[in-house]
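The listed protein sequences derive, respectively, from chains A and B.
Each residue of the first sequence is one higher than the last, beginning at 1 in full-length UniProt numbering.
Each residue of the second sequence is one higher than the last, beginning at 1 in full-length UniProt numbering.
Be careful, since some hints might not be right.
No copy labels: a pair is met if it fits in one copy or bridges any two.
Claimed, not checked - 30 angstroms max Cα-Cα, derived DSSO-like pairs, lysine-lysine: (1) Lys335 - Lys174; (2) Lys111 - Lys38; (3) Lys268 - Lys26.
The hints are simulated quantities; they were obtained by calculation from the structure and are not laboratory data.
Quick caveat: nothing in here was measured; it's all calculated off a predicted structure.
2 protein chains.
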Amino acid sequence: MQIAFAEAAKGESTWTNPKVCAVIVKDGQILAKGHHEKFGGPHAEINTLSHLKNISDAKGADMYVTLEPCSHFGKTPPCVQKLVEVGISRVFIGEVDPNPIVSGRGIKYLKDHGIEVTDMDCQSEINESYNFYYQKKRPLVTLKYAMTMDGKINQKNGQRSIITGQTAYQDAQKLRSENQAILIGEHTLKVDDPQLTVRIKKMDFPLIRVVVVDSADEISTDMKIFQDTSSEIYLLSKQAATKQFPDQVHVEVGDWTPKEIVKFLAEKNIESLLVEGGSHLQADFVAAKLLDKVVVYLAPKIFGGNALPAIATDSQAQAIALTEPELTQLGSDLKVELRKAE
Amino acid sequence: MQIAFAEAAKGESTWTNPKVCAVIVKDGQILAKGHHEKFGGPHAEINTLSHLKNISDAKGADMYVTLEPCSHFGKTPPCVQKLVEVGISRVFIGEVDPNPIVSGRGIKYLKDHGIEVTDMDCQSEINESYNFYYQKKRPLVTLKYAMTMDGKINQKNGQRSIITGQTAYQDAQKLRSENQAILIGEHTLKVDDPQLTVRIKKMDFPLIRVVVVDSADEISTDMKIFQDTSSEIYLLSKQAATKQFPDQVHVEVGDWTPKEIVKFLAEKNIESLLVEGGSHLQADFVAAKLLDKVVVYLAPKIFGGNALPAIATDSQAQAIALTEPELTQLGSDLKVELRKAE
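When you get a sec, could you build the whole thing from the sequences and use the hints?
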């Protein structure tokens with residue numbers, strides 16, 4: 001099962017699907033392994049069967065699969081049918097699928113068709129946001145910011161301050177690539193003029209870009225974010241808007257509190273959200289206690305006066321306890337990863 | 001010489017004197033070693049000679065001494081005379097003494113009296129602030145603060161916020177014990193009501209306590225700092241004052257900028273100053289670029305709104321580059337030590 005989990009983690013383009021690997025074992029020998037490679041593509045179980053020399057080898061074999069096999073018609077037919085059809089005799093499952101469309105039904109189908117099923121209850125973290133989404137019915141929220149040793153994220157000169165070095169930048173890009181949506185506030189959009197894309201690799205499923213604004217009509221279509229057409233952009237606008245934006249841009253009017261934003265994204269099946277600033281938007285999420293992880297990149301400098309604190313000091317945000325700080329040195333910067341204490 | 005430096009570091013009560021160790025070697029054997037144990041007590045060289053079985057063993061022996069032997073009458077007679085007297089034939093010196101009262105004169109005296117002298121130029125860090133003081137003519141300034149993961153040092157409720165845990169507290173006490181003076185601002189005095197002492201061990205030379213205030217007359221004599229009589233207290237007051245304070249308290253009236261504070265302490269032979277807040281005093285030192293080291297204790301929590309940033313945002317403090325972050329995990333807190341970049 002450890003081999004299977006390690007292999008499952010290779011599925012970098014599964015998007016909102018879980019990462020899964022299956023291994024077929026017979027007489028103590030691994031006959032085949034395969035993982036779910038890409039959202040919309042064949043599931044791990046089917047990939048694995050296709051890697052057998054002869055499909056007849058599956059007869060009487062054991063399958064170790066990191067996640068409960070699916071029992072429904074989605075983009076592909078149910079895996080459980082196939083497992084029964086090829087004559088797998090025992091299935092060892094790493095984790096029960098938290099998705100209610102499957103959860104327990106896959107196991108039941110297999111058992112009903114004479115396959116011996118063992119739930120190994122592995123509690124792995126490879127599908128952290130997938131599991132979180134189905135348990136909590138909302139995306140896992142990560143606050144991310146780069147700050148100085150005095151807790152500042154920008155100098156107040158209306159220009160973007162470069163905080164961290166190249167290694168931290170690469171790491172922050174990787175963090176983006178592991179999320180399905182990215183969110184910033186209007187001030188950050190205007191000061192940084194970012195594309196909000198992942199630069200370090202081609203994404204099969206680029207992350208959805210979300211910006212909270214006061215009035216979408218006040219946002220210039222010349223901004224860099226609109227030049228990139230690789231993924232959808234949601235402008236969450238407080239005021240009604242009439243302005244014409246490029247095709248990939250959707251203006252949604254509402255009272256966009258963190259709770260409403262997260263609800264909106266949950267309805268779009270977004271399992272993970274990266275909140276990338278600024279200071280007030282982060283503060284709103286802290287105030288709403290809507291954060292699950294915090295990733296801070298610390299740079300060896302002091303900004304001192306006339307600078308923006310990481311979390312706005314004039315906000316309603318109350319103190320929040322975090323836990324389990326994990327440290328990584330990235331060049332001369334430090335990365336600290338924390339979780340909200342339960 | 002490595003043995004000597006390790007031994008020298010044991011001198012915890014040398015106060016403004018350097019830590020020094022001397023080792024006597026003859027025919028490849030260590031005959032004696034000794035270190036300077038306490039300010040006012042015998043120097044390392046004399047201690048070492050006293051550890052010889054017979055003082056006549058010194059004749060023709062080598063001495064390894066971490067710092068140039070002194071050549072002046074201070075609290076004790078000059079060591080160089082004694083070395084000549086007992087017949088040491090070669091002296092290996094770790095570092096030349098930066099104190100102008102000695103610097104080079106010790107070596108000259110030894111050479112003039114027929115002793116072979118080798119300067120090993122070791123650049124050790126055991127006398128960092130001693131060396132700094134004589135090179136820069138001012139104390140080494142360390143800014144120290146405990147902050148949350150959003151760079152806040154206190155909640156704005158007029159009460160002291162507990163930021164870090166017990167392990168970080170112990171470490172911060174140790175940091176105090178390694179400094180000769182400690183400085184805070186008036187707001188910190190009033191909110192925290194600290195004693196500014198070292199609690200974890202009995203100090204032979206407790207650190208001098210300095211508080212910058214607007215008007216000493218406005219400071220209550222009931223504060224805890226005045227109850228502790230173990231060391232001098234300097235109230236650096238902007239306004240003239242008439243109030244009667246306990247004997248250990250000195251009110252000094254002046255325009256107490258960081259530059260003036262540091263000059264005042266330099267005249268008192270203070271080689272190391274720990275600036276312990278608050279937010280505005282730290283900002284003043286950053287603005288004056290009068291800081292050499294920064295020690296930050298990072299706690300796994302977010303304070304959010306209505307909280308004080310580590311360095312006041314409404315100050316004139318400009319950005320300062322730091323370097324070489326050194327990390328220590330202290331319980332669930334992190335310690336980051338940095339230096340001002342040259």
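Do the hints match the structure? See the list:
For a Cα distance limit of 30 angstroms, the shortest separation of Lys335 from Lys174 qualifies both inside one copy, at 13 angstroms, and across copies, at 26 angstroms. Within a single copy, Lys111 and Lys38 get their C-alpha atoms as close as 28 angstroms, which meets the 30 angstroms cut-off; across copies the closest is 80 angstroms, which misses it. Taking identical chains as interchangeable, the C-alpha atoms of Lys268 and Lys26 are never at most 30 angstroms apart, the minima being 41 angstroms within one chain and 82 angstroms between chains.
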